[in-house]
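Participant: Each chain, letter by letter, is given below.
2 protein chains.
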Amino acid sequence: MSILIVGTVAFDAIETPFGKTEKIIGGAATYIGLSSSFFSKNLKLVSVVGEDFPKSAINMLEKHNVCTKGLQIKKGEKTFFWSGRYHKDMNTRDTLETQLNVLENFDPIIPKEYQNSEYLMLGNLMPAVQKKVLSQMKKRPKLVVLDTMNFWMDHFLEDLKTSLTDVDVLTINDEEARQLSGEHSLVKAAKVILQMGPKYLIIKKGEHGALLFNHKNVFFTPALPLEDVLDPTGAGDSFAGGFIGYLEKTDDTSFENMKKAVVYASVMASFTVEEFGTKKLQEIKKQHISSRIKNITELVDSGLIL
Amino acid sequence: MSILIVGTVAFDAIETPFGKTEKIIGGAATYIGLSSSFFSKNLKLVSVVGEDFPKSAINMLEKHNVCTKGLQIKKGEKTFFWSGRYHKDMNTRDTLETQLNVLENFDPIIPKEYQNSEYLMLGNLMPAVQKKVLSQMKKRPKLVVLDTMNFWMDHFLEDLKTSLTDVDVLTINDEEARQLSGEHSLVKAAKVILQMGPKYLIIKKGEHGALLFNHKNVFFTPALPLEDVLDPTGAGDSFAGGFIGYLEKTDDTSFENMKKAVVYASVMASFTVEEFGTKKLQEIKKQHISSRIKNITELVDSGLIL
Chain A
561 MSILIVGTVA
571 FDAIETPFGK
581 TEKIIGGAAT
591 YIGLSSSFFS
601 KNLKLVSVVG
611 EDFPKSAINM
621 LEKHNVCTKG
631 LQIKKGEKTF
641 FWSGRYHKDM
651 NTRDTLETQL
661 NVLENFDPII
671 PKEYQNSEYL
681 MLGNLMPAVQ
691 KKVLSQMKKR
701 PKLVVLDTMN
711 FWMDHFLEDL
721 KTSLTDVDVL
731 TINDEEARQL
741 SGEHSLVKAA
751 KVILQMGPKY
761 LIIKKGEHGA
771 LLFNHKNVFF
781 TPALPLEDVL
791 DPTGAGDSFA
801 GGFIGYLEKT
811 DDTSFENMKK
821 AVVYASVMAS
831 FTVEEFGTKK
841 LQEIKKQHIS
851 SRIKNITELV
861 DSGLIL
Chain B
561 MSILIVGTVA
571 FDAIETPFGK
581 TEKIIGGAAT
591 YIGLSSSFFS
601 KNLKLVSVVG
611 EDFPKSAINM
621 LEKHNVCTKG
631 LQIKKGEKTF
641 FWSGRYHKDM
651 NTRDTLETQL
661 NVLENFDPII
671 PKEYQNSEYL
681 MLGNLMPAVQ
691 KKVLSQMKKR
701 PKLVVLDTMN
711 FWMDHFLEDL
721 KTSLTDVDVL
731 TINDEEARQL
741 SGEHSLVKAA
751 KVILQMGPKY
761 LIIKKGEHGA
771 LLFNHKNVFF
781 TPALPLEDVL
791 DPTGAGDSFA
801 GGFIGYLEKT
811 DDTSFENMKK
821 AVVYASVMAS
831 FTVEEFGTKK
841 LQEIKKQHIS
851 SRIKNITELV
861 DSGLIL
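Chains A and B are the protein sequences, given in the same order. With the working numbering, letter number 61 in the first sequence gets 621, and the count goes up by one each step, no holes. With the working numbering, letter number 147 in the second sequence gets 707, and the count goes up by one each step, no holes.
Next up, chain A with everything else stripped away, as it sits in the complex:
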């Protein structure tokens, strides 16, 4: 089994009420890769960076079992850069600066030995780019998970809708679910979105947890209540990495197993937000994950017996 991860590898500069960073390593695929590395031993990355991207960061990914053969390094060009400032509630943010750089003309090329990956994680990217990845797979992966955001709904809605007809799991946040469906109730929103193609929908609600839907069922996991949230950047990507990582490790894509995957996903996100950038994901060990799985399971165990 293996997971092909496609998404940004980037520089971020982040400001929150609790601190501020210089340019640090970020990007959806970076968080997804680190997070899923705690579950999967066979991770393949497709992305693009500029000549300015440090070799040490690539080594760091390799050290976490992420094969970077599919990481294009563009001579004479610069890495995608995003800078943002989070508001006091940490749920909303302003983008201060976006330099697309290498991302402007990103043409994802899937190396031959990646084309048979059974699990495909399409990180947040332009829908047309996500589609181009899927079309290069030699056979349809067992599971395709697609993450996206409101920006693509605003500007590339038709492309996004086309992509949605061919994915298994869509992950978006609550506001995006409302925007995409036109429904305020998340239960109604899920029904509308599941009509668009995905067999499963995950609605991420940040500190308020996440909902997993299919046509018949719904499951909810809380986020762990934390003392300190320093930086929400990458939480959704760490969530996605934990989700697909657990599914690949167990190689079971049933709804019953996805419930467990969503709990692991929530735990992985809980680590990410406790430090700026990828710091915490680089520090934790497997036993920290087990310990939080226990915490989150106990957190919702009322003792009521059906």
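Everything labelled a hint here was simulated from the structure, so no lab data went into it.
In silico lysine to aspartate or glutamate, EDC-like type, Cα no more than 20 Å apart, as pairs:
no., chain 1, residue 1, chain 2, residue 2
1, B, K765, A, D861
2, A, K776, B, E858
3, B, K765, A, D649
The structure presented is a predicted model; accordingly, all values stated were derived computationally and were not measured.
Chain B: place on chain A using the hints.
Facilitator: Here is chain B on its own, set in the frame of chain A:
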């Protein structure tokens, strides 16, 4: 066992994105009474209304096992009236009109046969009034639950803090927990608030569920994801009624049993918001409650075994 409920009995006029009501029956004690009546057979109400309050509404409460001997009816005066408009997100609202009327000089008198109640629910009222109730109890109740709101924190903080030194359970929402503690993190807020006196703290997060804290433990219950939320008025009071009702019925005030009570509380609130006013609470049967207890338990059951 019995529950003494003190709080408003009122008229409301409510506007939400989904509809609008004329003057209907509302008030914290009304919702608490109806909600707890599904658990307790011995409910005692202390409140005040004007001459304009309909006899039919009093009969309705009596029909739900709520003894109204402690309901003062002020000749020539008018019942407390509140009118509000909810915003699109249903989490925030504007008060359009408040007529205190009989509430302005409310002097709660606890009938002799109420003074031994083992469970005391102090619904949202001026802190000094809540305190006056507690001082009339012949012996300290087994459990005192106090609900309050930001208005009292803004204008009567010292009175509120005095009351808090003498209650077992405080119920407030997330914004109020942040205001009262000065901490943004709810985990930190809970620590601060539990230092103020209450042994247990419930933080209500509306559609995002509720957290139960004591000095050592934390428990979380989600709110049931609903297709239609018509009117959030009374959700918090229905929650409180379900909580104290379940505790009285089982006569067990341990943290372990409070976890179950919080799930029942969440279920009771889920009914209230599906219709305007108290309509749904007047319609449901016990089997509807059992059915939703099953739904909410399954909703968070990941199948992960510790």
